[in-house]
Structures are given as structure tokens and as C-alpha cells.
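S.K.: Those protein sequence lines, which keep their order, are chains Z and Y. For the first sequence, counting from 1, position 152 maps to 152 in the numbering used here; every step adds exactly one. For the second sequence, counting from 1, position 77 maps to 77 in the numbering used here; every step adds exactly one.
Be aware that one or more of the hints could be misleading.
Unchecked claim - Under the rule of at most 30 Å between Cα atoms (straight-line distance), these lysine-lysine pairs were calculated in the BS3-like manner:
no., chain 1, residue 1, chain 2, residue 2
1, Y, Lys120, Z, Lys429
2, Y, Lys321, Z, Lys428
3, Y, Lys279, Z, Lys428
4, Z, Lys428, Z, Lys356
5, Y, Lys279, Z, Lys429
Derived by calculation from the structure, the hints in this document are not laboratory data. Because the structure is a prediction, the values reported are computed rather than measured.
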Amino acid sequence: MSDTPITYVRDTMLPQKAPPTSEIGPVRWVRENLFSSPMNAILTILSLYIVYTVISHVGPWLINGIWDADSLTECREIIAASGDGHHSAACFGVITARWHQLVFGYYPSELYWRPVLALLVFFVGIAPVLFPSLPRKLFIVSMIAPFLCFWLLWGGSIWLPISIALGFGVGVVAFKLLSASASSLVAIIGAIVLPLIYWLYLSGPLASGLASIVPLGIEFVPSRSFGGFMLSIVIGLSAIVISLPLGILLALGRQSDLFIIKTCAVVFIEVIRGVPLIVWLFTAQLLLNYFLPPGSNFDLTLRVIIMVTLFASAYIAEVVRGGLAALPKGQYEGGDSLGLNYWQSMQLIILPQALKISIPGIVNTFIGLFKDTTLVVFIGLFDPLGIASAIRATTEWNGIYWELFLFIGIMFFISCFSMGRYSLYLEKKLQREHR
Amino acid sequence: MSTLTDPPKPGFRLSQLIYDTRYRSITIQVIALALIVAAFWWLGNNTVNNLNALGKDFNFGFLNNAAGYDINQKLIAYNNQMSHGRAALVGILNTLLVAFLGCIAALIIGVFVGVLRLSKNWVVSKLMAVYVEGFRNVPLLIWILLIGAVMSESMPQPREFRGENATQSMYFSDNVAVTNRGIWIPRIGFTNSVSGEEAVAPVEGAAAVASGGLDWLLVLGTLGLSLFAMRLVRQRADRIQQATGERPTTWYQRLGLLVIPVGIVLFLLGATIVSPYLKGFNFTEGIHLRNSLIALWFALSLYTGAFIAEIVRAGILAVSKGQSEAAAALGIQPSRTMNLVILPQAMRVIIPPLISQFLNLTKNSSLAIAVGYMDVRATLGGITINQTGRELEGMLLMGAFYLALSLVISGGMNYYNRSTQLAER
């Protein structure tokens with residue numbers, strides 16, 4: 001064995017060869033992702049063709065868009081003068097010229113700060129709800145915010161929102177006093193009935209009396225002046241804020257053991273959900289005056305907000321019901337075994353958990369509601385689409401379609417898409433916390 | 001030393017109605033009932049007072065009066081001398097038509113897009129994501145108005161099709177005309193019609209479908225029988241597979257059963273394709289799909305299709321990969337794995353939200369008002385109310401129609417849910 005020649009053994013490794021160019025970088029990515037099979041290749045080419053067609057048709061129109069023109073005729077003159085005569089271009093001048101109208105409707109221009117401030121107040125008010133890390137004391141702002149927003153938007157005497165807010169104070173005081181001396185049921189009934197009596201008979205005279213003694217207020221703006229995206233936001237936000245407590249009550253009613261209460265909740269939810277919003281809006285416009293005492297006639301915008309609120313509350317109720325049903329039964333039994341009564345166990349154990357699960361669904365409901373606010377155009381309110389047709393009816397901008405649709409669509413897209421992402425983020429966060 | 005609690009005192013005291021949980025629920029319900037009755041009494045009383053003040057009464061007699069208005073799209077015979085009730089029925093059928101067409105188109109779009117969005121092909125999946133997000137996040141009303149504007153502003157006029165050197169031409173070898181007054185498509189006419197007369201040129205659009213009613217019934221009946229026979233063939237194949245383990249090839253038998261009988265019936269009836277052609281200032285013959293129908297249909301299908309795509313995607317993702325691997329381990333043919341293992345599980349996830357999307361589409365079809373499509377809101381809830389001044393009755397009937405439709409559909413969904421629910425523990 002020893003005399004056999006030693007076979008050659010390599011003692012150093014060869015350097016690694018670079019992989020073939022078809023297996024690295026963009027080439028490989030394109031091969032694996034876009035042309036992995038004939039079918040895939042066809043799909044890719046088809047998609048690229050669609051993208052190319054859209055861009056080649058819309059791209060020049062967008063890029064050549066005219067931003068400074070005061071009328072469609074002026075815009076068309078600029079287009080005709082600039083190019084070879086037959087290229088197309090968008091007239092975005094309508095957006096720059098009518099920007100304020102699209103955003104604020106017919107709100108007095110010197111008062112634009114009021115809706116903006118109201119929106120800020122709303123965000124400050126909602127912050128402690130969205131971010132639990134903020135100090136609890138901020139909830140006082142959340143309680144004041146709705147009345148402050150109302151006052152800022154409509155203006156008028158400051159005593160009206162204050163006297164309405166006092167009604168809630170009456171309720172809280174009645175509850176505290178009665179629950180100290182009588183049973184909780186009596187206290188709850190008292191806390192509901194006393195404020196109602198106060199609102200029906202006392203708050204109006206109180207507000208007007210105080211206003212005549214100390215006339216404190218800002219300029220009143222009628223609802224007819226509301227319009228544009230401001231109107232959509234006002235309707236959407238107030239509907240969702242008011243419908244949240246209503247929806248929670250409805251969901252609890254639907255889960256209740258009490259037959260009559262359960263039946264009422266089910267009938268209300270199913271009737272509201274079974275009929276399209278547009279029918280409810282026409283009901284608000286045509287029929288609400290029939291159901292109210294003769295002679296009472298109140299603002300169309302307010303009627304729409306009430307109707308949209310009722311509509312949203314039925315949807316919120318279903319979302320919250322999903323949250324309630326998702327809780328394990330042990331949570332309910334745990335509450336019972338601790339000796340808590342119904343409202344205590346709901347308030348301390350069930351609802352905090354159920355609402356947390358429902359938040360993504362509530363955000364989605366709000367997105368749908370916000371999109372649906374465009375329907376108010378059919379009963380004569382000036383939402384963005386109503387403003388768009390009003391702009392189209394003027395002599396300067398008669399015949400303009402795409403630019404306005406595009407602008408309104410993009411505005412809605414930005415807000416709805418970002419809210420949708422937020423709800424997805426919440427859903428992911430919840431899933432992580434539960435596992 | 002232990003203290004004894006007092007033994008419960010027999011008898012019933014009034015305070016038990018508030019403090020005793022056994023009786024308290026009754027108290028609460030009685031109070032709630034009283035409040036609700038009072039509220040309804042108040043509303044009803046107000047309504048009666050208001051109606052009296054206006055000198056109106058509450059009855060549905062107006063449904064028998066002559067309507068006096070025309071409806072441009074009707075699936076059943078109607079003219080303006082017929083009653084408001086008939087007009088409402090025409091509107092209801094138009095609502096159901098656009099809802100039906102929309103549901104089918106939305107389902108097809110949704111399934112395609114949902115599957116393609118899961119594709120490994122980057123370009124395709126991103127394109128589908130853009131479509132889904134774009135349609136989901138913009139109000140439906142804008143899409144309806146936009147498609148309506150595209151149809152009426154950007155499409156050629158009928159006169160551009162005229163003459164030797166026409167600037168526009170019809171598609172699909174002169175069978176489909178796309179104009180700014182709507183789309184004309186060919187219809188199937190029967191030369192040996194069993195309903196007696198040859199289906200004459202329809203006066204008004206979609207009524208063409210209704211004119212040869214008996215013939216269509218015959219064709220559909222044959223189709224139903226064929227489907228039944230196909231099912232028998234499949235069951236026989238199942239039986240043979242159970243007995244011998246070999247599954248006979250049946251696709252050609254089933255294809256033959258599907259195509260041949262219907263083909264024979266169509267041949268015997270003398271079915272011919274009647275294409276639209278230009279006559280005077282407009283197209284004639286064929287089926288006229290109005291701009292209003294097109295805008296509403298396309299917008300509803302594209303909008304709902306985006307939602308359905310997400311549902312389909314979620315349903316496919318919900319079936320874990322282990323399921324298809326388990327099917328392979330059991331020796332189930334790859335071609336049958338989809339039908340026997342994957343789809344039944346995906347369907348359980350997909351169907352309930354899918355039905356609720358169909359429900360949404362049906363309710364959203366009331367946005368027909370944006371393009372002037374004559375649905376039930378436009379006839380019963382629009383012109384009829386304006387002409388008769390019967391807001392209360394008209395709105396009630398319309399609400400009842402939508403509510404009944406929703407309840408029927410959601411009742412069907414609940415039935416399906418119960419029948420496919422997993423039997424757990």
C-alpha cells in the first residue's frame with residue numbers, strides 16, 4: 001500500500017463561482033414571478049397592456065392639466081394655445097377656483113376657522129379613547145367636546161349647548177342621589193326620566209332666559225350653509241359618535257334574557273338594516289313631519305343626522321354583538337360568581353373586552369357610513385357631489401365632469417383608505433395580544 | 001357560634017317587584033312595554049292629527065288608479081293607462097333584474113380577482129390590489145355617476161355608425177353597437193315560435209325577452225332536465241367508484257347531455273340571432289341596454305366585486321395547506337381534491353359574507369336614482385308618490401318590499417349556515 005502514489009488531494013477550496021445570471025437579481029425575479037408558466041406570461045403581458053393603455057390615455061391628460069383658469073372657456077383657450085391643438089388636458093382650475101366651496105360649502109368665508117377648530121376639538125376629545133396611555137383627566141375634554149363642536153359649527157347663543165349639557169348633569173345627579181336612597185332600578189329610571197323632563201320643559205326657557213340676561217354668543221350659521229366635505233364629516237362623525245352608545249344598548253338588548261326587550265331590539269335592528277339608507281333619507285325628508293306633533297318643523301340637516309344615526313346604530317349593534325358573542329362564556333359566569341349585578345358586570349368585565357374586539361368593525365362601519373354620506377345629495381343637501389353639480393350649473397364651469405369626480409373620489413379614497421389601514425393595524429394588534 | 005339567616009318569609013310583598021331578581025325582570029319588561037306602547041301611541045296620534053290637518057286619509061286605493069306615466073324599461077307589458085300597482089310591479093322587476101345581473105357579474109369578478117390577487121405573479125396581484133382598494137374606498141355613488149358620464153359623454157353617437165365611411169363600427173362582426181344612448185346586443189328570435197306569432201321586433205328594449213316567453217320556458221325546461229340527467233350520470237359514476245374503485249370517465253357524456261338537447265330544441269324552434277341595425281336616427285331590433293342600466297349594473301358589480309374578491313381571498317387562505325396534503329395522503333385524485341376537500345371548507349367561510357354582499361348590492365340598487373333607472377324607488381317611491389301625494393303609504397310599501405327581500409335572503413342564509421355548520425362537541 002505504501003508504494004502506491006498518493007492521489008492528488010486539493011488542500012485549498014476553489015473560490016465560489018458566481019451563479020448564472022439567469023438565477024440572480026432581477027432576471028431571476030422576473031422569471032419566477034412573471035413568466036414562470038405560459039399562463040403566467042399571458043397574464044403578465046395582459047396586465048402590462050392594461051396598465052399601459054390606462055396610463056397612455058390618462059397620463060397626458062393628467063400631466064398637461066391646467067391649474068390656473070377661472071372658467072372652462074379660459075381653460076380650453078389655454079389648452080388650444082399651448083399644444084398642437086388636439087391634445088387633451090384636464091382643467092384642474094375648477095378645483096383651485098372652487099376649493100373653498102368644495103371643502104366648506106356655503107359656510108361664510110370669514111368663519112372658516114370655526115369648523116377647523118371644531119375638528120381639532122373633536123380630535124382632542126377622541127384622543128383619550130384611542131390612546132389609553134394618555135391621562136384619564138382628558139376624558140373631561142371628551143365630554144365637553146360634542147357641545148363645543150356643536151356650538152362652534154352652528155354658532156348662536158352659548159347658553160343653548162350649556163343648558164342641553166346640564167341635562168346630562170341632571171341625570172348623573174339624579175342617579176347618584178337615588179341610588180344612595182333607593183334601588184338601582186329606580187335610580188336608572190330616574191336618571192332617564194328626569195333629564196327627559198328637563199330637556200322637554202326646562203332647558204329651552206332656561207337657555208333663552210340666560211341669553212336675555214347675558215347675551216353671549218357667536219354668529220349663527222344656518223344648516224343650509226353647510227356643504228362640501230365639511231357636511232360629510234359633520235354628518236359622519238356626529239352619527240358615529242351618537243350611534244355608539246345607542247348601538248351598545250341595542251346589542252345588549254339583543255343579547256338580553258328579557259323577551260320583550262330582546263324582541264324590540266331584534267325588530268329595530270332588522271328593520272333598519274333591511275331597508276336601504278336612501279329610503280330612510282326620504283323618510284326623514286317626507287315623513288318625519290307626520291310623526292311629530294303638528295306644527296313642529298325642524299332643520300333638514302338635523303333630521304338627516306338623526307336618521308343616519310339610527311341607521312348606523314343598527315350596524316354598530318351588530319358589530320358589538322359580534323364582540324359580545326366572541327367572549328368566552330366564562331367571562332359572564334365570572335362576573336356572576338363575583339356577585340356583580342348585570343350593569344356592574346357589563347361595565348367592569350364584559351364591555352371593556354367586547355368593545356376592544358369590536359373596534360376594527362366599528363371603524364369599518366364608519367368607513368361605510370362616511371361613504372354613504374354622499375347619498376344626502378338626493379334630498380337636496382350640498383355634500384361634495386351636490387356642490388359638484390352646483391359648480392357644473394354655473395356658467396363658468398358648465399360641462400366639467402371628470403376633474404370634479406376625480407378630485408372628490410381621491411379625497412374619499414385618501415380618508416377611507418387610511419382609516420381602513422388603521423382598522424387592519426388594530427386587528428393585527430388584537431390578534432397578537434390574544435395569542 | 002353560627003348565625004342563622006332568617007327563613008324566607010312566605011307571601012308576596014310589592015317591594016319584591018323591585019328588589020327580588022325573580023320578579024324584577026317582569027317589572028322591567030312591563031315598564032319597557034308601557035314605554036314602547038306609549039311612544040307608538042304618541043307617534044300614531046301625531047300622524048293621525050297631521051293627516052287630518054292635511055285632509056288626507058290612509059288607504060291603498062291609489063294603487064288601482066291609472067298611473068299616467070311611462071316607464072322606459074319594462075319586463076312586463078305596461079302602458080301609462082295601467083294602475084300605480086302595475087307600475088310598482090314593473091319597478092320591482094327592474095330592481096330585481098339589476099340586482100340579479102349585478103350579483104352574477106359581481107360574483108364572477110370577485111372570484112377572478114380574489115384568485116388572481118393570491119397569484120404569485122407580482123404585476124397581476126398588484127393590479128388586482130389596486131382595483132380592490134380603489135373600488136372599496138370610493139363611494140359607490142361616484143362610480144355610478146362616473147360610469148354614467150363615460151357612457152353618455154364619451155361614447156359615439158348613433159349617426160357616426162352611418163354611411164359608407166362611418167367613423168365608428170359595431171363590434172363582434174356587426175352584432176354589438178356601443179353608443180351614447182346605450183348598448184344594443186343581439187337577441188334570439190324564434191321563427192317557429194310555439195307561442196303562435198313570430199316574436200316581432202320589440203317596441204321597447206328589454207321587453208324583447210318577455211315576448212317569446214313560452215319558447216324560453218321550453219328552452220329552460222330542457223336545460224333543467226339536462227342538468228338533472230347530468231346529476232344522474234354523476235351519481236352512477238359515484239356508485240361505480242364505490243363498488244369497484246375505478247371512476248368511469250363521464251365528462252363527454254355530461255357535455256353531450258348539456259349541449260345536445262338544448263341544441264335540438266333551439267333548432268326546432270328555429271332560433272336565429274337577430275342583430276341590431278341602424279334605422280333612422282337610432283338602432284333598432286336586438287336588445288337595448290339603456291345607459292341607466294349599464295351604469296348601475298357595471299358600477300354595482302365592480303364595487304361589490306371588490307368586496308367579494310376580499311371574501312374569496314380570505315376563504316381560500318382559511319383552508320390550511322394540510323388539508324390538500326391530507327387529501328393527497330388519502331389517495332384522492334388531485335383533480336377531485338378541489339371539489340371534495342378544499343371547496344366545501346372554503347365555502348363555509350365564503351358563503352355567509354357573500355350572501356350579505358348580495359344583500360348589500362340589492363339594497364344599493366336603490367341608488368338607481370342617480371342615473372334615472374326606473375326601479376321600485378323611481379316608480380312607487382318616486383313618481384307615484386309625487387302624483388298621488390301618498391307619501392306615507394308609498395314609503396311604507398317600498399320599505400316593506402326591501403325588508404321582505406332582505407328577510408328572505410337572510411333567512412336563506414341562516415338555513416344554509418345551519419346546514420353546513422361544523423358539528424362540534
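S.K.: If a hint holds in the structure, say so; if it does not, say that too.
M.R.: Verification of the hints:
1. Of the supplied pair hints, the one linking Lys120 (chain Y) and Lys429 (chain Z) holds, its CA atoms being roughly 27 Å apart against a limit of 30 Å.
2. Between the alpha carbons of Lys321 (chain Y) and Lys428 (chain Z) the distance comes to roughly 22 Å, so the proposed pair stays at or under 30 Å and holds.
3. As the CA atoms of Lys279 (chain Y) and Lys428 (chain Z) are separated by approximately 61 Å, the hinted pair breaks the 30 Å bound.
4. Between Lys428 (chain Z) and Lys356 (chain Z), the direct Cα distance comes to roughly 13 Å. Compliance with the 30 Å bound is thereby established for this hinted pair.
5. Proximity of Lys279 (chain Y) to Lys429 (chain Z) is assessed by CA-CA distance (about 64 Å); at most 30 Å being required, the pair is judged violated.
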